[in-house]
Amino acid sequence: GDSVTQMEGPVTLSEEAFLTINCTYTATGYPSLFWYVQYPGEGLQLLLKATKADDKGSNKGFEATYRKETTSFHLEKGSVQVSDSAVYFCALNLQLSGGSNYKLTFGKGTLLTVNP
Amino acid sequence: KAGVTQTPRYLIKTRGQQVTLSCSPISGHRSVSWYQQTPGQGLQFLFEYFSETQRNKGNFPGRFSGRQFSNSRSEMNVSTLELGDSALYLCASSGVGAGKSPLHFGNGTRLTVT
Numbered sequence: 001g002d003s004v005t006q007m008e009g010p011v012t013l014s015e016e017a018f019l020t021i022n023c024t025y026t027a028t029g030y031p032s033l034f035w036y037v038q039y040p041g042e043g044l045q046l047l048l049k050a051t052k053a054d055d056k057g058s059n060k061g062f063e064a065t066y067r068k069e070t071t072s073f074h075l076e077k078g079s080v081q082v083s084d085s086a087v088y089f090c091a092l093n094l095q096l097s098g099g100s101n102y103k104l105t106f107g108k109g110t111l112l113t114v115n116p
Numbered sequence: 117k118a119g120v121t122q123t124p125r126y127l128i129k130t131r132g133q134q135v136t137l138s139c140s141p142i143s144g145h146r147s148v149s150w151y152q153q154t155p156g157q158g159l160q161f162l163f164e165y166f167s168e169t170q171r172n173k174g175n176f177p178g179r180f181s182g183r184q185f186s187n188s189r190s191e192m193n194v195s196t197l198e199l200g201d202s203a204l205y206l207c208a209s210s211g212v213g214a215g216k217s218p219l220h221f222g223n224g225t226r227l228t229v230t
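Sequence order for the protein chains is A and B. Once you know that position 113 of the first sequence is 113 in our numbering, the rest is easy, because the numbers rise by one and skip nothing. To convert, take the position in the second sequence, counting from 1, and add 116; that gives our numbering.
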């Protein structure tokens, strides 16, 4: 079945370090891909998205490129800040045959802690 | 524009009781989805409602049910609570349906079952 695998956390970095959180997926069709972020005590917020192969999503200095050949959507940021400390979720959204039926699948989340 | 509002923020119940959680979506959004979040299982999809009709359902037992009202507000009910139901329950709304537009999440209801 459809699934999302993201790197196990926690990830601990110093401020201004480079961040990569790996995400790979398995899907039978052509999903849209998302990264959501959850700050402490809050719900999830959409960080960025890509709807087709080779699309690059970007927001707040974060980027991820939809790689169909490697079925990946790795999240990167060149210089992290303390305020980026949160849990990051990779997700895929697959529209099933016809109508409004869909399947949204989340990875298990990666906790990122950025130290000053 | 007000965001997704979930009430209450925290609940403590005992095994065997039932509980009702409430979600008010962003104004104009007709789709409401519910998720259960636990440290072990991550985010698991419960169900989605669109225009008062359940459109999708996850793999949860029948003790978990929901409904949506004509103003798009949604409630989720869990009957005969078990210890394993302790979790953060998240509600998310979207404009034209969760399959076609991004989800906007509330801050969740933290349910503790003792």
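One or more hints might be untrue.
Here are the simulated lysine-lysine pairs, DSSO-like style, with alpha carbons at most 30 Å apart [to be verified]:
1. B/K129 with B/K173
2. A/K52 with B/K129
3. A/K49 with A/K60
4. A/K60 with B/K173
5. A/K103 with B/K173
6. A/K68 with A/K52
7. A/K103 with A/K68
8. A/K108 with B/K173
9. A/K60 with A/K103
10. A/K56 with A/K77
11. A/K52 with A/K77
12. A/K68 with A/K108
13. B/K173 with A/K68
14. A/K108 with A/K56
15. A/K49 with B/K129
16. A/K49 with A/K108
Honestly, the hints are just simulated from the structure, not real lab data. Computed from a predicted structure; not experimentally measured.
Hints, one by one, checked against the model:
{"no.": "1", "hint": "B/K129 with B/K173", "verdict": "holds, 25 Å"}
{"no.": "2", "hint": "A/K52 with B/K129", "verdict": "violated, 45 Å"}
{"no.": "3", "hint": "A/K49 with A/K60", "verdict": "holds, 13 Å"}
{"no.": "4", "hint": "A/K60 with B/K173", "verdict": "violated, 33 Å"}
{"no.": "5", "hint": "A/K103 with B/K173", "verdict": "holds, 10 Å"}
{"no.": "6", "hint": "A/K68 with A/K52", "verdict": "holds, 8 Å"}
{"no.": "7", "hint": "A/K103 with A/K68", "verdict": "holds, 19 Å"}
{"no.": "8", "hint": "A/K108 with B/K173", "verdict": "holds, 20 Å"}
{"no.": "9", "hint": "A/K60 with A/K103", "verdict": "holds, 27 Å"}
{"no.": "10", "hint": "A/K56 with A/K77", "verdict": "holds, 13 Å"}
{"no.": "11", "hint": "A/K52 with A/K77", "verdict": "holds, 21 Å"}
{"no.": "12", "hint": "A/K68 with A/K108", "verdict": "holds, 21 Å"}
{"no.": "13", "hint": "B/K173 with A/K68", "verdict": "holds, 28 Å"}
{"no.": "14", "hint": "A/K108 with A/K56", "verdict": "holds, 22 Å"}
{"no.": "15", "hint": "A/K49 with B/K129", "verdict": "violated, 38 Å"}
{"no.": "16", "hint": "A/K49 with A/K108", "verdict": "holds, 18 Å"}
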